[in-house]
Amino acid sequence: MSEEFSFVGKRVPKLDAPAKATGQVVYGHDMKLPRMLYGKILRSEHAHARILSIDTSKARALPGVRAVITAEDIPEVKIGWARDNPVLKSGKVRSVRDEIAAVAAVDEDTAREALELIEVEYEELPGVFDPEEAMKPGAPVLHADAPNNIQEKMRQAYYHGDVHKGFEESDVVIEDRFRMPFVTHCCMGTCFCLASFDPSGELTVWSSTQMPFLYQRDLSGAVGVPASKIRVIKATIGGAFGSKLDMYPFEPICVFLAKRTGCPVRITFTREEEFISSPTRQPVVCDIKSGAKKDGTLVARQVSMILDNGAYSSWGSTTPLVMMQTISSLYRVPNVKYDVVVAYTNNPYSGAMRGYGNPQATFVVECHMDMLAHGLGMDPMEFRLKNANRSGDVTGQGVKITSCGLTECIEKSAESVSWKAKRAKAGNRGVGMASMIHVGGGARIYPSDGCGSTVKVDDFGKVTLITGSTDMGQGSETILAQIVAEELGVPVHNVTVLNTDTYITPWDVGAHASRTTFVAGNSARMAAADAKLQILQAAAESVGGDLDDLDMKDGQIFRKAEPEETIPFEKMVRGKHFRPDGDVILARGWYEPPTERQDKEFRGNISAAYGFATQAVEVEVDTETGEVEVLKIAAAHDVGRAINPMAVEGQIQGGISMGLGYGLYEELVVEEGQVLNPNFADYALPTVLDMPEIDPIIVETDDPAGPFGAKGMAEPACIPTAPAIANAVYDAVGVRIRDLPITPEKVLRALKEKATRAEEEK
Amino acid sequence: MKWEKYLFPASLDEALSMLADHEGEARVIAGGTDLVPQLKNKERRVKCLVDVSRLPELKGIHRQDGVIRIGAAVIHEKLAASPLLREQACALAEGAAAVGSPQIRYMGTIGGNVVNAQPAADTAIPLLALGAEAEIAGSNGTRREPLENLYVRPGESKVDASAEILVALRFPALGDHRGSAFARLAKRGALSLPILNAAVVVELERDGKTLKDVRLALGPVALTPFRARQAEEVLRGKPVQEETLASALEIASQEAQPRSNPLRGSAEYRREMVSVLLRRALERAVAAAQT
Amino acid sequence: MEALTMTLNGEEVTIHIQPDALLVDVLRDELGLMGTKEACGQGECGACTVLLDGQPVTSCLVPAVKAQGREVLTVEGLACDGELHPLQKAFIQHGAVQCGYCTPGMLMSAKALLDRNPHPTEEEIKVAISGNLCRCTGYVKIVEAIKAAIAD
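Line order of the protein sequences matches chains A, B and C. First residue of the first sequence: 74, per this note's numbering; consecutive thereafter. First residue of the second sequence: 36, per this note's numbering; consecutive thereafter. First residue of the third sequence: 4, per this note's numbering; consecutive thereafter.
By construction, these hints were calculated from the structure, which means they are not laboratory data. The structure presented is a predicted model; accordingly, all values stated were derived computationally and were not measured. Take the hints with a grain of salt, since some may be wrong.
Cut-off 25 angstroms, straight-line C-alpha distance, at most; resulting in silico cross-link-like pairs (DMTMM-like, lysine to aspartate or glutamate) [as the list claims (entries may be wrong)]:
(1) K75(B) to D695(A)
(2) K77(B) to E5(C)
(3) K105(A) to D23(C)
(4) K705(A) to E125(C)
(5) K40(B) to E186(A)
(6) K77(B) to E181(A)
(7) K485(A) to E147(C)
(8) K75(B) to E118(A)
(9) K75(B) to E189(A)
(10) K247(B) to E285(B)
(11) K626(A) to E77(A)
(12) K83(A) to D32(C)
(13) K129(C) to D695(A)
Computed footprint of chain A on chain C; a stretch qualifies when at least three of its residues, placed anywhere within it, have a C-beta under 8 angstroms from a C-beta of chain A [to be verified]:
(14) 11 to 24
(15) 30 to 39
(16) 42 to 50
(17) 54 to 66
(18) 72 to 79
(19) 91 to 97
(20) 146 to 152
Beyond 12 angstroms from chain A on every Cβ pair, some chain B residues (computed) [claimed, not checked]:
(21) K37
(22) L47
(23) E92
(24) I96
(25) A172
(26) N175
(27) T177
(28) R178
(29) V202
(30) P207
(31) D211
(32) H212
(33) E240
(34) A257
(35) E278
Note that beta-carbon positions come from the ideal geometry of N, C-alpha and C, so glycine has one too.
Hey, can you work out the whole structure from these sequences and the hints?
In structure tokens:
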């Protein structure tokens, strides 16, 4: 299929790789501006306390300190979607992340020393660290306007069909509780922000944000500068994975320090600060009840979740909106009920993290699918195939499934791990699988889900794509360059991509929901098509003849009837330009996916396409230590079309390392609101030695709405890994671990309990 | 400042004088892989550092008269790659190979590992099983101390790094009928601190079936690196056989008293792993002794 | 302040530093070589890896004075006369770079490996980069790239 394309489907090396491989690329952490100061933030010592006094006098007196600010020095503004997060805290602190004061100094050491000189008097208050505890009467109250600690805006309920009838019809009904912990992004590049005012009051912020335009708006509200005077530029960042999808207090703090000092101010987090203060993945406590008929038909799914909101609200507490989709629509399930309650605690709050709730929901759903299959005495793969979503389905939630490769994904991943031969065998090895559904064609969670593009072609044949979308290292720039090159008909190395400068680039809602390839890709394609039209029109005028007779490929224009006679396209561009009635080639594209927002009952088709994937895993369990070794992961991903197979493989492999960590190793241990392992020694990120053999299987279903058939796939790669591992462990040694991570200790304990039960039954 | 002066003595004597001159405000540094983070994080304070990493007196891995002597400034990478150690003190080579990461192994030293006084240190556990002795130079000359005696509690060594210098470690080479092995349980394949480390040294009788001597070292199961002496007693003089092994391992997991750690594992799990790891190390050590 | 003289990326360099300066800060802040990254400051991630006399070290833990009279190689010193090092070419060709923050450290660990062992096995390659964390790539293409560079 890809032979007809010049650049789509090709393993084009990432355009920014050379600059990164030589150390030339300037990351935000490398940026220095003249007169730049270094900012640092003083955070709370306690998880819940009244602030009795803050004495900054000694810090102010330290030579080299140019500003020290507390809540008194800035307007009272609360940020976050629930407007409950003051930029600098006064009166009370609610978590150890709480920002109490900030300093700007001539160097980092001085800034650090200044923080130590700030004296804060606290009156400790009893804290609450569990959402179920937080909802009980008499629990410490965090926010005056939520006396029962419930985040009422996220108390949600969804249903379709009738689960009670469904369970009555079912032959097997099972109920379980699952728990998923705090884990965190661990981007190699920590959070940073660089803010600078020019003399006229225009603010420029170099940010790591994934959503520059919404950030521009949020920042304006927080710092009181009109949005039209704010320029947001995304510096090159060392990873994001969703951690930069919201605006956090340190950013307006950086702006306030810049305003006060009249100098550019840069804040970068230390690694310890990153672990403590960067938002986590949303932890979930989940009760699920599922029912199926003995012929293998999935009938009902009832899910109830309790979410730890943490002290303030960020995107983590909105993950139910995504989790709902998996619960209602992964596999054909006629009866669904879902409700969730979100409670404030004095724990760290969660943000967006790759998958945005889907890894949690998929863990629960796919473990339960496996447990149903076992309850029915059915091969878990056959059970999944029987209930798989198919092209043309409209799910109970109104999700319209167009291109769908789920069946192919299940079959191909199973084959790669020799499922039939290895399943249900004696010994300590086993195989398991899990699938997933995720938006792959945008996600209409905001009035606009669009992306704007401009294509400019200069007199030398250089093509510049100016896109609203954001590249956070995942390689979207290269994908967009390939799309433009393909559509326009020029070599991909002629194309440069500029992104994320709100003064220059057209609007885009942000890099989230795996939407960039689809939405920005379609937008870029439209602009490229427009540019091609302009160029061919110029050619038609110049050489005479019909527009329809002409075409362009590899930077050469030719008549379709005589393809060997070519003219370099830049010649036509120059010809059009350098004359009294001339014009330059300037093209535009605005793409808004044909989707709808959800109604009040959360129904609606919010994405123009959906991605599917199945990962099948082979494990070996050491029954003496409980250690789980993952031998192989076969990851079949329906990506519509792989614009760049090398990049797709890279996303799959990277996503798997994140899913592997979530399943087996990672946990941010939080006790009494304190993070006990804010370092790489005790937070177990997978190293190269922990990675299994990976077989990335690209499934192409050629989506009708995607650019050249492509759908988004960056988040899906980390979504099914943990449940596939849990299911494989069950196949290997017959124990079901319901809370992540699946540690050796949990496996060993479960093996013992199983042996004890077996003894008792004798 | 993390330190005000950084000195490079040219000899051991010069290093000792530098320490003496600073009257307790200087400290020995070798690779710095433990010390530099401590100074950065203000867990320790020091005015002056005396760098011993290049001193010729602290280098070398040599065998003489059946004793292997290792200079305190030898880096873990050299220990891991040393053919002499692989052959005649395998547990130490294996332990050194397990230290954090290649980068840490190229900088960190065996001496530093001992003086940092962590009860589970990857080279300290094998050294304990090997019956190692330390040579320590001070203003009063050089003294020898069994390695075990150098530990007070985690992070606190009897070696006063502001006045004394650990010069070398020595232990009997393992020749015929002797074998050793190191076993480690950690969360990940690299960059991880151990949940449990174990090292075993055995000496078999000529029949290759009876344990003439055995040493079982473990960490972290106490404030200091630990020898499971009661278990050793049960095994000494006995044939290598399942029943004896099982009862000795049970005793070992009772006498070791690991504590629960929210990050590294519960006491029950660690106690159970004592017998699993010791068994695995014992089996390998016995196999090595039989070849 | 002390004078530090070292051979940096093949050139003799003398610079005045504070006695407690760390090598990573001297490289980045005093010498303007920003290619070496600091991602944890505790020697626990490998992003700051440079070569000291050919051996890989985490420069965030190395007192800069230790480099006195020695050879230091950073990512900026890999290319020669404008030609990229085979490792750099391989990383680019094989998709081993995503966000790129771990890349300089990975390259230096890989270079140290190939300099001491020109034909490593896959296992040896993995051990050589086991002290370098990456959150983006899952390491697979990094290992493939290093293998490909061996052939060169």
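Hints, verified against the model:
Between K75(B) and D695(A), the direct Cα distance comes to roughly 40 angstroms. Violation of the 25 angstroms bound is thereby established for this hinted pair. Distance restraint check for K77(B) and E5(C): the Cα-Cα separation of roughly 23 angstroms lies within the 25 angstroms cut-off, and the hinted pair is therefore satisfied. At most 25 angstroms may separate the alpha-carbon atoms for a hinted pair to count; K105(A) and D23(C) meet this at roughly 23 angstroms. A C-alpha spacing of about 16 angstroms is found between K705(A) and E125(C), which places the hinted pair at or below 25 angstroms, so the restraint holds.
At roughly 21 angstroms between alpha-carbon atoms, K40(B) and E186(A) fall within 25 angstroms of each other, so this suggested pair holds. Only pairs whose Cα atoms come within 25 angstroms are accepted, and K77(B) paired with E181(A) is accepted, the gap being roughly 16 angstroms. For the hint pairing K485(A) with E147(C), the CA-to-CA distance comes to about 24 angstroms; that is within 25 angstroms, so the pair holds. A distance of roughly 20 angstroms separates the Cα atoms of K75(B) and E118(A); the hinted pair therefore holds under the 25 angstroms criterion.
Our distance criterion of 25 angstroms between C-alpha atoms is met by K75(B) and E189(A), whose separation comes to about 15 angstroms. With a CA separation close to 20 angstroms, the supplied pair K247(B) and E285(B) stays within the 25 angstroms bound. The hinted pair formed by K626(A) and E77(A) meets the criterion: a straight-line CA distance of about 12 angstroms does not exceed 25 angstroms. Distance hint between K83(A) and D32(C) is unfulfilled; the C-alpha atoms sit about 40 angstroms from each other, more than 25 angstroms.
Under the criterion of a C-alpha separation no larger than 25 angstroms, the hint pairing K129(C) with D695(A) is consistent with the structure, at around 23 angstroms. Counting residues of the segment 11 to 24 of chain C whose beta carbon lies closer than 8 angstroms to any beta carbon of chain A gives 0, which falls short of the minimum of three for the stated coverage. Here the segment 30 to 39 of chain C counts 5 residues with a CB under 8 angstroms from a CB of chain A, which clears the bar of 3, and the coverage holds. Counting residues of the segment 42 to 50 of chain C whose CB falls under 8 angstroms from any CB of chain A gives 7; the rule of at least 3 is met.
Residue count for the segment 54 to 66 of chain C with a Cβ under 8 angstroms from a Cβ of chain A: 0. That is fewer than the three needed, and the coverage hint is violated. With a threshold of 8 angstroms between beta carbons, the proposed coverage of the segment 72 to 79 of chain C by chain A holds, since 3 of its residues qualify and at least three are required. Remark: the segment 91 to 97 of chain C is confirmed as covered by chain A, as 5 of its residues place a Cβ nearer than 8 angstroms to a Cβ of that chain, reaching the required three. For the segment 146 to 152 of chain C, the assignment as covered by chain A is violated, since 1 residues bring a beta-carbon within under 8 angstroms of that chain's beta-carbons and 3 are needed.
Against chain A, the non-interface label of K37(B) is violated: not every CB pair exceeds 12 angstroms, the least being about 10 angstroms. Look at L47(B): its CB is around 33 angstroms from the nearest CB on chain A, clear of 12 angstroms, so calling it non-interface holds up. The Cβ of E92(B) sits about 32 angstroms from the closest Cβ of chain A, beyond the 12 angstroms cut-off, so the non-interface label holds. Listed as outside the interface, I96(B) is consistent with that label: its C-beta sits roughly 27 angstroms from the nearest C-beta of chain A, beyond the 12 angstroms cut-off.
Separation of A172(B) from chain A is adequate, the least Cβ-Cβ distance of about 32 angstroms exceeding the 12 angstroms criterion. Listed as outside the interface, N175(B) is consistent with that label: its C-beta sits roughly 38 angstroms from the nearest C-beta of chain A, beyond the 12 angstroms cut-off. Consistency note on T177(B): stated as away from chain A, and its beta-carbon is indeed over 12 angstroms from all of that chain's, at 35 angstroms minimum. With 12 angstroms as the threshold on Cβ separation, the claim that R178(B) sits away from chain A holds: the shortest Cβ distance comes to roughly 34 angstroms.
In this structure V202(B) is separated from chain A by more than 12 angstroms, as the shortest Cβ-Cβ distance comes to about 30 angstroms. Taking the minimum C-beta to C-beta distance to chain A, about 32 angstroms, the non-interface status of P207(B) holds against the 12 angstroms cut. Distance check for D211(B) against chain A: the nearest CB is about 31 angstroms away, which clears 12 angstroms, and the non-interface claim stands. The beta carbon of H212(B) sits about 28 angstroms from the closest Cβ of chain A, which is more than 12 angstroms, so the claim that it is off the interface holds.
Under the 12 angstroms C-beta cut-off, the non-interface status given to E240(B) relative to chain A holds; the minimum distance is some 29 angstroms. At roughly 20 angstroms from the closest C-beta of chain A, the C-beta of A257(B) stays outside 12 angstroms, upholding its exclusion from the interface. No Cβ of chain A comes within 12 angstroms of the Cβ of E278(B); the nearest lies about 18 angstroms off, and the non-interface call holds.
Hints 1, 12, 14, 17, 20 and 21 from the earlier list are contradicted by this structure; the remaining hints agree with it.
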